[in-house]
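K.L.:
These are the residues of each chain, in order.
Number of protein chains: 2
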Amino acid sequence: MDFLEQSFNVHFDYRVYFTSNIFDAFNMDFNSFLKERSQPSTVQKILFVIDEGVLNTHTELTHQIRSYFNNDLPVSLVKDFMVIPGGEEAKNSSRNFDLIIEAIDKNGIDRHSYVAAIGGGSVLDLAGYASAVAHRGIKHIRIPTTVLSQNDSGVGVKNGINYKGKKNFIGTFAPPVAVFNDDRFLATLSERDWRAGIAEAIKVGLIKDAGFYHWIEQNADQLIDRDRGTMNILIRQCAALHLQHIASGDPFELGSSRPLDFGHWSAHKLEQLSEFKVLHGEAVAMGILLDTFYSALSGLLPMQKAERIIQLFIKLGFEITNPLLDVQDENSEILKGLQEFREHLGGRLTVMLLSDIGIGEEVHDLDVALLKKASEKLDEYQYEMTK
Amino acid sequence: MDFLEQSFNVHFDYRVYFTSNIFDAFNMDFNSFLKERSQPSTVQKILFVIDEGVLNTHTELTHQIRSYFNNDLPVSLVKDFMVIPGGEEAKNSSRNFDLIIEAIDKNGIDRHSYVAAIGGGSVLDLAGYASAVAHRGIKHIRIPTTVLSQNDSGVGVKNGINYKGKKNFIGTFAPPVAVFNDDRFLATLSERDWRAGIAEAIKVGLIKDAGFYHWIEQNADQLIDRDRGTMNILIRQCAALHLQHIASGDPFELGSSRPLDFGHWSAHKLEQLSEFKVLHGEAVAMGILLDTFYSALSGLLPMQKAERIIQLFIKLGFEITNPLLDVQDENSEILKGLQEFREHLGGRLTVMLLSDIGIGEEVHDLDVALLKKASEKLDEYQYEMTK
Chain A
5 MDFLEQSFNV HFDYRVYFTS NIFDAFNMDF NSFLKERSQP STVQKILFVI DEGVLNTHTE
65 LTHQIRSYFN NDLPVSLVKD FMVIPGGEEA KNSSRNFDLI IEAIDKNGID RHSYVAAIGG
125 GSVLDLAGYA SAVAHRGIKH IRIPTTVLSQ NDSGVGVKNG INYKGKKNFI GTFAPPVAVF
185 NDDRFLATLS ERDWRAGIAE AIKVGLIKDA GFYHWIEQNA DQLIDRDRGT MNILIRQCAA
245 LHLQHIASGD PFELGSSRPL DFGHWSAHKL EQLSEFKVLH GEAVAMGILL DTFYSALSGL
305 LPMQKAERII QLFIKLGFEI TNPLLDVQDE NSEILKGLQE FREHLGGRLT VMLLSDIGIG
365 EEVHDLDVAL LKKASEKLDE YQYEMTK
Chain B
5 MDFLEQSFNV HFDYRVYFTS NIFDAFNMDF NSFLKERSQP STVQKILFVI DEGVLNTHTE
65 LTHQIRSYFN NDLPVSLVKD FMVIPGGEEA KNSSRNFDLI IEAIDKNGID RHSYVAAIGG
125 GSVLDLAGYA SAVAHRGIKH IRIPTTVLSQ NDSGVGVKNG INYKGKKNFI GTFAPPVAVF
185 NDDRFLATLS ERDWRAGIAE AIKVGLIKDA GFYHWIEQNA DQLIDRDRGT MNILIRQCAA
245 LHLQHIASGD PFELGSSRPL DFGHWSAHKL EQLSEFKVLH GEAVAMGILL DTFYSALSGL
305 LPMQKAERII QLFIKLGFEI TNPLLDVQDE NSEILKGLQE FREHLGGRLT VMLLSDIGIG
365 EEVHDLDVAL LKKASEKLDE YQYEMTK
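Residue numbers (this note's numbering), protein chains in the order written: chain A, 5 to 391; chain B, 5 to 391.
Simulated from the structure, these hints should not be mistaken for laboratory data.
Some clues are possibly wrong.
Same chains, same label: a pair holds when it works inside one copy or across any pair of copies.
[Unchecked claim] No more than 25 Å apart at the CA atoms, straight line, and that leaves these computed lysine-lysine pairs for BS3-like:
#1 Lys-39 <-> Lys-376
#2 Lys-340 <-> Lys-168
#3 Lys-49 <-> Lys-39
#4 Lys-377 <-> Lys-110
#5 Lys-168 <-> Lys-309
#6 Lys-110 <-> Lys-391
#7 Lys-212 <-> Lys-168
#8 Lys-170 <-> Lys-110
#9 Lys-391 <-> Lys-168
#10 Lys-170 <-> Lys-39
#11 Lys-340 <-> Lys-49
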């Protein structure tokens with residue numbers, strides 16, 4: 005066999021900044037970032053893609069950004085902001101993708117220019133994907149505005165849009181050049197969005213860090229009371245665990261390594277079946293509970309630990325199940341999520357279960373009869389709650 | 005400033021195999037490759053995307069592939085082949101991209117399965133792009149069938165499709181898992197395709213490797229006579245220089261480093277202006293000559309070397325200019341290629357010129373009056389040739 009061997013490493017780095025009021029005239033974080041990376045004899049531009057929901061609660065934002073860029077900044081602001089209705093709808097078709105590509109072309113955004121996205125996970129996923137493929141990769145800055153995007157999706161290396169209802173069927177692994185977590189945006193979140201983001205933090209605690217899980221239990225009251233300081237700690241720790249998992253593993257998932265997933269096979273399917281009326285974090289909470297009780301019923305996890313976990317979700321005000329999550333038999337719709345999950349990750353089916361709080365354990369198939377029992381358990385709890 | 009720092013390397017490797025009759029029952033190259041990478045307890049599939057032009061001259065190909073996969077292979081062949089009309093049209097809209105995504109979805113091709121593309125550069129670019137973004141990256145195998153794709157585009161890490169006539173406006177950097185250069189496909193190439201591919205080899209010689217350039221001069225007669233052995237040497241050396249350039253530089257062009265470009269700013273524009281009637285390699289030949297005479301007229305390169313270079317292209321039967329390449333004044337259409345080239349690479353304009361055969365030299369702007377003179381020079385040669 006005659007061949008030439010190609011082999012190389014590509015280095016990636018970026019920072020996740022924690023800040024308040026990022027476009028306040030006196031906040032120099034964003035300003036310094038752009039200055040440090042300015043390129044003499046190059047005109048760098050920046051195009052903002054903004055979640056409409058964020059603009060509705062922060063009506064001053066565009067004005068503030070314009071003023072901020074009136075300061076002596078080495079980057080030229082593209083006059084028109086792209087405003088995208090947020091939520092899953094943003095990434096449910098290729099229409100918004102096409103609009104961003106068009107704006108990149110029209111405004112002459114090149115590989116040394118920026119596309120900055122401000123919004124929830126869906127708008128970030130969408131803008132990240134468009135940035136990753138235009139000119140084979142424009143520098144992308146993420147400014148996540150929800151708990152979920154600040155502690156989870158927004159700090160990682162993935163982007164994507166849905167295809168025929170399949171979550172993130174199309175996308176890339178493309179690290180941002182920076183992430184700015186601004187806690188001002190948390191104050192105006194709806195109660196649902198505030199709560200939903202906590203599910204991913206509980207997930208990471210459950211499979212990776214018992215201490216973090218216990219900290220969440222101990223601070224549940226403050227989280228319910230919407231204490232921003234407590235939420236900042238939760239977000240920082242969850243983001244740190246995420247970054248660590250990515251860097252220490254297989255960042256672009258080229259091998260068989262697993263992302264930081266637990267409860268996600270059913271969560272993704274539930275979102276789709278509910279036509280995305282169930283938020284990602286809400287679906288993740290239910291998915292976690294389904295797989296937690298499955299872990300307990302299969303003898304992997306002591307039942308009392310499963311009960312302890314469900315109490316935390318109940319205390320935080322999560323719905324713990326949904327009729328669409330019910331497993332009746334092997335033809336139940338939700339079980340299609342297993343096959344789609346396998347296809348999306350590729351290779352053999354691998355599902356994370358729990359053997360203890362803080363310790364995930366992978367299995368390669370699930371027993372439908374036990375899943376049915378687990379889903380009935382959730383129904384019983386739900387019935388008790390609403391009685 | 006409060007931040008978390010993320011930093012990691014991603015390793016990529018792949019082989020470029022040189023083989024003959026890849027799907028012959030006794031050729032074990034492809035077979036061994038798949039076996040070495042087989043994953044127990046995983047069903048791996050392979051979807052073939054084939055250039056229609058290749059099927060027209062190799063009518064036995066699909067039958068041969070089916071037989072090949074009847075052997076004891078650990079990968080299951082997707083029954084339907086996707087056939088895509090080749091040439092630039094393949095990547096000129098998103099239609100074919102959509103079709104491949106649909107086929108990936110319909111056939112349940114996952115991240116551990118393969119999309120193998122057989123064809124010229126356009127079909128490979130198209131299939132590579134679709135593979136790179138479906139499920140955030142399916143394993144992609146390239147089987148380039150033209151001189152150009154075997155020595156240049158097919159062995160590298162880029163893919164892409166055009167957007168509003170702009171070459172490769174949308175795409176990614178995504179290394180294939182393997183490239184198989186099969187010289188059987190060279191025998192059936194049209195004269196234009198055979199010749200066009202030599203332009204990129206001359207380009208690499210001119211800017212990187214004087215010895216290789218001289219070797220091409222010395223072997224021009226054999227190349228004209230379509231000697232396959234000579235062409236194999238040319239392809240192998242050109243591919244090797246390409247791989248080296250990628251690995252030793254900035255493979256994903258994250259910084260300001262330059263791809264192996266010479267004569268390309270005008271070549272890309274010329275292709276577009278001619279509605280892709282001028283082939284990429286043909287346009288590259290003219291682009292090289294324009295910038296070679298520009299180098300000479302600006303005093304960088306001795307004029308006699310420019311004359312030597314044009315003689316090689318003439319001997320090989322290349323057209324040396326085209327009315328669409330003419331530079332009249334700063335409003336000439338072809339000059340828009342400079343701006344688009346700058347935008348595509350990003351940052352400051354950087355154009356490669358020659359200071360000697362084998363030595364490229366970068367400059368950051370071009371003088372329109374000199375370009376006009378260079379383009380007139382080409383017209384004079386063309387006039388002499390056709391007289």
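K.L.:
Each of the hints needs a verdict: does it hold here or not?
P.N.:
Hints versus structure:
1. Taking the shortest alpha-carbon separations for Lys-39 and Lys-376, neither the intra-copy value of 57 Å nor the inter-copy value of 39 Å comes in at or below 25 Å.
2. With identical chains, the CA atoms of Lys-340 and Lys-168 are at most 25 Å apart within one copy only, with a shortest distance of 14 Å there and 39 Å across copies.
3. In this homomeric assembly, Lys-49 and Lys-39 come within 25 Å of each other (Cα to Cα) only inside a single copy, at 13 Å, whereas the closest approach across copies is 48 Å.
4. Neither within a single protomer nor between protomers do Lys-377 and Lys-110 lie at most 25 Å apart by alpha-carbon distance, with minima of 56 Å and 32 Å respectively.
5. Taking the shortest alpha-carbon separations for Lys-168 and Lys-309, neither the intra-copy value of 38 Å nor the inter-copy value of 58 Å comes in at or below 25 Å.
6. Proximity of Lys-110 and Lys-391 under a CA criterion of 25 Å is satisfied in neither setting, with 58 Å inside one chain copy and 45 Å between copies.
7. With identical chains, the CA atoms of Lys-212 and Lys-168 are never at most 25 Å apart, being 33 Å at best within one copy and 47 Å at best between copies.
8. In this homomeric assembly, Lys-170 and Lys-110 come within 25 Å of each other (Cα to Cα) only across copies, at 12 Å, whereas the closest approach inside a single copy is 30 Å.
9. Taking CA atoms no more than 25 Å apart as the test, Lys-391 paired with Lys-168 passes in neither setting, with 38 Å inside one copy and 60 Å between copies.
10. Taking the shortest alpha-carbon separations for Lys-170 and Lys-39, neither the intra-copy value of 40 Å nor the inter-copy value of 31 Å comes in at or below 25 Å.
11. Proximity of Lys-340 and Lys-49 under a CA criterion of 25 Å is satisfied inter-copy only: 20 Å between copies versus 44 Å inside one chain copy.
The structure fails to meet hints 1, 4, 5, 6, 7, 9, 10 from the earlier list, while all remaining hints are met.
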